[in-house]
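Below are the chains, spelled out letter by letter.
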Amino acid sequence: MRIAVASGKGGTGKTTVALALAEVLGPRGRLLDCDVEEPNCHLFLDSVPVRSEAVEVPVPEFDPERCIGCGACARSCNFHAIAALGKRMLFFPELCHSCGGCGLACKAGAVTERMHGIGRLEYRAAAGIELVTGVMNVGHPMAVPVIRRLKERTLSDRIDVLDCPPGTACPMVAAVRGADFVLLVTEPTVFGLHDLELACDTLEKLRLRSGVVINRADDNCGGVEQFCRARGIPVLMRIPFSRRIAEGYSSGKRLTECAPELRKELEALSALICEGELVER
Amino acid sequence: MKIAFTSRGRSLDVLLDGRFGRTPFFVVHDTVSGETAAVENVQNLNAAQGAGIQAAVTVANAGAEAVVTGHCGPKAFQVLQAAGIKVYQTGALTGEEALRQFEAGALRQLDAADVEGHWA
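Protein chains in written order, with the working numbering: chain A, 24 to 304; chain B, 199 to 318.
If we strip away everything but chain A, and leave its shape as in the complex, we get:
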């Protein structure tokens, strides 16, 4: 089972909620940090990776002996990753989407594939949380292949909690796609609500079920609640606006450490998602 924790707006508390959920799930659960451009779950777990796995994607390699200089490979590339100057090929792996189109387009058999490293997966465990983190290599701009590989490591007998990238662009979509349930973390601000709406629209298109957690909840949650009612999305939990929680977070403490009184609510939330009727069986 996969529970994706997403938001729309950045900095609403995805990592806070994802860590807390994984912690209350204990050995049944696992945490996948899918925010591969800026993974941060590990900052809250006092641990070092016990294992690391390279993430590689296929990219083309050009054989100048076989190349007839027709340029079909470059013309086939919608991502403009190949510059064909006669028989001389310039290839830009950071633009390549590994579609294999250039290899199909080449009638001279001059294009083969090699593996190109774009990132890694790091495995670690602490505080009863098993964490797998996706990390992109510096200089590599494409997050999606790293997120996909991370999701391939999902275990069927576990409840995987996915800490998703912010926004509603390709990395977020890649992370939430295929989730059994999406937990949207928002904050009661104009920006929070605006981006929550974008996230809800995105999830609707992807036909994913969702519920909302309001973080930094205070007396101003009316707008978010009204929106959720109108869209038929349940508000499942409120994390109070508290200096204690903010200070704890800033010093690397998890929600369960700086607000232990929330543990029962978090357990209820996980039970509601994992055993309740929120998720279609």
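No lab work stands behind these hints: they were computed from the structure. Careful: at least some of the hints might be erroneous.
Cut-off 25 Å, straight-line C-alpha distance, at most; resulting in silico cross-link-like pairs (DMTMM-like, lysine to aspartate or glutamate) [claimed, not checked]:
1) A:K276 <-> A:E288
2) A:K110 <-> B:E233
3) B:K200 <-> B:E301
4) A:K110 <-> A:E136
5) A:K110 <-> B:E301
6) A:K276 <-> A:E61
Covered by chain A, according to a simulated footprint, are these stretches of chain B (three or more residues, beta-carbon under 8 Å) [what the hints assert, rightly or not]:
7) 252-264
8) 276-286
Residues of chain A clear of chain B, computed beta-carbon distances all greater than 10 Å [unchecked claim]:
9) R111
10) V167
11) G246
12) E280
13) C297
Even for Gly, the Cβ is constructed at its ideal location relative to N, Cα and C.
Position chain B relative to chain A; hints supplied.
Quick look at chain B alone, frame taken from chain A:
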């Protein structure tokens, strides 16, 4: 020698476009015959990525030996360099003005990209 100018239009008497990869036209001027020809770059205007790379290929296919433009990014420069095309930088308003600067030897030849890439 053929020189490609980045241009807003099809001739040298219109505004020079400071962008290399996303210029609407390249106006290729032949210094021997004095003739100019326009090469469209529209296919790159809305490219999500790699506009500079493909623009450089377009310039190479047009037979230019030099490019006169406002700015040139790292990937475009790499392709132009591989094709043996020199890159000259200008702040001129029109292609004609840039051509006069070029003929007077007043333009600086870039030995590396002068701006960062926009995408990667």
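Hint check:
| no. | hint | verdict |
| --- | --- | --- |
| 1 | A:K276 <-> A:E288 | holds (18 Å) |
| 2 | A:K110 <-> B:E233 | violated (29 Å) |
| 3 | B:K200 <-> B:E301 | holds (13 Å) |
| 4 | A:K110 <-> A:E136 | holds (18 Å) |
| 5 | A:K110 <-> B:E301 | violated (33 Å) |
| 6 | A:K276 <-> A:E61 | holds (18 Å) |
| 7 | 252-264 | holds (count 4) |
| 8 | 276-286 | holds (count 4) |
| 9 | R111 | violated (6 Å) |
| 10 | V167 | holds (14 Å) |
| 11 | G246 | holds (35 Å) |
| 12 | E280 | holds (39 Å) |
| 13 | C297 | holds (39 Å) |
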